[in-house]
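Based on the provided sequences and hints, a complete structural model is requested.
These are the residues of each chain, in order.
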Amino acid sequence: MSTVMEAAAKNGKPRHRGKVKVSTITLAHGGGGKAMHDLIDDIFLGAFDNENESPLEDQARLSLADMAALGDRLAFTTDSYVVQPIDFPGGNIGKLAICGTVNDLAVGGAVPLYLSCSVIIEEGLPVETMRMVARTMAETAREAGVRVVTGDTKVVERGACDKLFINTAGVGVIRAGVDLGVDKAQPGDAILVNGLLGDHGAAILNARGDMQLTTPIESDCASLHGLIDALLSAVPATRFLRDATRGGLATVLNEIAEASQVGIEIYENRTPIRSEVKGFCEILGLDPLYLANEGKIVCVVPRADAERALAALKSHPLGHGAANVGEVTDGRAGRVVMQTVFGGRRIVDMLVGEQLPRIC
Amino acid sequence: MKYVDEFRDPEKARFLLEEIRVLVPQIQSERASADPIYIMEVCGGHTHAIFRYGVETMLPKGIELIHGPGCPVCVLPMGRVDDCVALAHMPGMIFTTFGDAMRVPGSKESLLQAKANGADVRMVYSPLDSLQIAKANPDRQVCFFALGFETTMPSTALTVLRAKQEGIKNFTLFCNHITIIPTIKAILDSPDLQLDGFLGPGHVSMVIGNTSYRFIAEHYKKPLVIAGFEPLDILHGLWMVLKQIADGRCEIENQYKRVVPDGGNTVALDAIGKVFELREFFEWRGLGSIDHSGVRITKEYAEFDAERRFSVPALKIADPKSCQCGEVLKGVIKPWDCKVFGRECTPETPLGALMVSSEGACAAYYQYGDIEKIHETRELVEEVA
Chain W
1 MSTVMEAAAK NGKPRHRGKV KVSTITLAHG GGGKAMHDLI DDIFLGAFDN
51 ENESPLEDQA RLSLADMAAL GDRLAFTTDS YVVQPIDFPG GNIGKLAICG
101 TVNDLAVGGA VPLYLSCSVI IEEGLPVETM RMVARTMAET AREAGVRVVT
151 GDTKVVERGA CDKLFINTAG VGVIRAGVDL GVDKAQPGDA ILVNGLLGDH
201 GAAILNARGD MQLTTPIESD CASLHGLIDA LLSAVPATRF LRDATRGGLA
251 TVLNEIAEAS QVGIEIYENR TPIRSEVKGF CEILGLDPLY LANEGKIVCV
301 VPRADAERAL AALKSHPLGH GAANVGEVTD GRAGRVVMQT VFGGRRIVDM
351 LVGEQLPRIC
Chain Y
1 MKYVDEFRDP EKARFLLEEI RVLVPQIQSE RASADPIYIM EVCGGHTHAI
51 FRYGVETMLP KGIELIHGPG CPVCVLPMGR VDDCVALAHM PGMIFTTFGD
101 AMRVPGSKES LLQAKANGAD VRMVYSPLDS LQIAKANPDR QVCFFALGFE
151 TTMPSTALTV LRAKQEGIKN FTLFCNHITI IPTIKAILDS PDLQLDGFLG
201 PGHVSMVIGN TSYRFIAEHY KKPLVIAGFE PLDILHGLWM VLKQIADGRC
251 EIENQYKRVV PDGGNTVALD AIGKVFELRE FFEWRGLGSI DHSGVRITKE
301 YAEFDAERRF SVPALKIADP KSCQCGEVLK GVIKPWDCKV FGRECTPETP
351 LGALMVSSEG ACAAYYQYGD IEKIHETREL VEEVA
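One line per chain: the protein sequences are W and Y, in this order. My numbering applies: residue 1 is where the first sequence begins, and numbers increase by one. My numbering applies: residue 1 is where the second sequence begins, and numbers increase by one.
Worth flagging that the hints you see were computed from the coordinates, not collected in a lab. One should not assume that every hint holds.
As the list claims (entries may be wrong) - No more than 16 angstroms apart at the CA atoms, straight line, and that leaves these computed lysine to aspartate or glutamate pairs for EDC-like:
(1) W:K21 to W:D42
(2) W:K184 to W:E139
(3) Y:K274 to Y:E303
(4) Y:K221 to Y:D189
(5) Y:K164 to Y:E300
(6) Y:K221 to Y:D262
(7) W:K278 to Y:D5
(8) Y:K164 to Y:D305
(9) W:K278 to Y:E300
(10) Y:K115 to W:E354
(11) Y:K243 to Y:E19
(12) Y:K2 to W:E282
(13) Y:K2 to W:E276
(14) Y:K169 to Y:D5
(15) Y:K334 to Y:E64
Claimed, not checked - Here are a few chain W residues that face chain Y, going by a calculated C-beta distance under 7 angstroms:
(16) R142
(17) V156
(18) Q261
(19) R346
(20) I347
(21) M350
All C-beta atoms, glycine included, are put in the ideal place defined by N, C-alpha and C.
Next comes the structure, spelled out in structure tokens:
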């Protein structure tokens, strides 16, 4: 029930929109009554303006014919966003909730089209914070060319969630002929990334304020479907793409090595990491290869296409810093090895839990 | 990155490695023995760097590195973790700890599990953060899990001094600080030990200086070189140890002069002296009880001592029988020779403490070390050389 859009204008007739007149969100705003309708009208409908797909119904209704014109398979994904703090250098939870789901569609070779937006709000959240997040979501969606067409709002008691949780699901259409897979990597393939790694993870850790470090590091949060489109147009034979979010580059490489039953070798001196992130990791005893990214993809392409793929990535604003970081090998299946800057070799394994800062 | 990249320069490494490749066979031929030269890095920070940069894969076959007991998280006995968990579960308690102590297994729970089960366990980066938490929560008790060698001892001591000065009543320490010298002595006295020299700890020495190590050279006739934590520091330190062995010298040398003064840090030592006194003995995981190896809070600061203020179970829990952490710590066996390594004991389900922290030898091998690769690469290195 209670979709964000359910109070949308009926039959195209302009309808009086409610306004939230208090400064904090309370349980009343989740109660299904006037307070909730005011919240939806004011915050969400004010931000997302989709008349066509959002009649006064419990579901968005999307044209199959329009979608079929774009490709031959539907891509469908969902992700929940619980980042703390909800506002951080380079973005906020709303931007993340749009970009993250857009990217999850795009790395499958899909054209992202429609998103849902479901919010769980902790009572006491300032109305202005919710408004700011909703506006960011709308702006990010507009820039990405996707539409938020359905949603839901819940308010829970203090302590039942942390300020604001957002779930977005997304649908997109996969172009005919594109068939990417984590099990398709072959020995000799090149491994590319589209730029500096670890910015998002470092920015979030720093924004929590525990370390009292002053750094200019910002989250790299961005919608990557434009960049991916450029890559796939230049190199249709691309084998696999994945956004290197939680667990960072190291985790994605391990997933590829495992699923494709291949070895992977990367080179520390070719792995792009800005010196502020390196310094941040040095101080805290963290490994930047495992830090989260929100605007970086790992690409596996045939060796013969590596140069073309790199040029395609570099030609896009979100890929200026692209680099060829290593290759798929016929080494031990499932194993990722890094040649260190120092000339040694080490295994880059999957992380067991969360990275914990070292004591000394 | 300034002050870091210089110490990771592969060209300089190549030069040192060539020297090392000459020294090793020279030492072996003088001894008329093909046995490897055993060098122990005492400090967990060294172990971590050795694996992270693949230093071991670059060394010739004639050197074996023994990853010593210098990871304070690893040598913590299970009974002490149980005490932490008991403190953390006390009503109204906020229990604060360094991050990598969160996963150390107790007999029932780790601190991470205690947190999931409702205890208020918070990760801090400095004991002073705990003091801040105590000030912000005057109606609750805040207990800091004080842990580590002389490296972390000064910051704990300064925190206690400040708490006293500011009259803070709701802050305590659960003191598990340990000292390095009695530990090295216990290792040297161990009958099954085979060691030719030491890479001495850098940050501990920054506090205690280098004179306290003299007995190692004078009495036990082993060379020790205090080294920094960058890979080039480690190679340089190893080269200095080998050079001493080749020259027939046993000295305490300092490779880490940019950080370690001969006399240590007197301000830090003063603070430690005020707040801490030696315990008669302290229990180590894998090594058993070592005399005078732990410290506790002096009477003058007793109000900040969690062991005096609260009742902790203080039960001695024997190490799991299948664990061979002690033998690994002393270098008697390699991690992968342990019966449970990589089988029952993994970083996900650590039985022994060496599998817990990224500074523990077993976790380091499990995560970074490809045993076959280490041997393969070393054979290749030999062939090329």
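Do the hints match the structure? See the list:
no., hint, result
1, W:K21 to W:D42, "holds, 10 angstroms"
2, W:K184 to W:E139, "violated, 36 angstroms"
3, Y:K274 to Y:E303, "holds, 14 angstroms"
4, Y:K221 to Y:D189, "holds, 13 angstroms"
5, Y:K164 to Y:E300, "holds, 10 angstroms"
6, Y:K221 to Y:D262, "violated, 20 angstroms"
7, W:K278 to Y:D5, "holds, 11 angstroms"
8, Y:K164 to Y:D305, "holds, 12 angstroms"
9, W:K278 to Y:E300, "violated, 43 angstroms"
10, Y:K115 to W:E354, "holds, 14 angstroms"
11, Y:K243 to Y:E19, "holds, 9 angstroms"
12, Y:K2 to W:E282, "holds, 12 angstroms"
13, Y:K2 to W:E276, "holds, 11 angstroms"
14, Y:K169 to Y:D5, "violated, 45 angstroms"
15, Y:K334 to Y:E64, "holds, 10 angstroms"
16, R142, "violated, 39 angstroms"
17, V156, "violated, 19 angstroms"
18, Q261, "violated, 17 angstroms"
19, R346, "holds, 4 angstroms"
20, I347, "holds, 5 angstroms"
21, M350, "violated, 9 angstroms"
Violated hints, listed in ascending order, are 2, 6, 9, 14, 16, 17, 18 and 21; each of the other numbered hints is respected by the structure.
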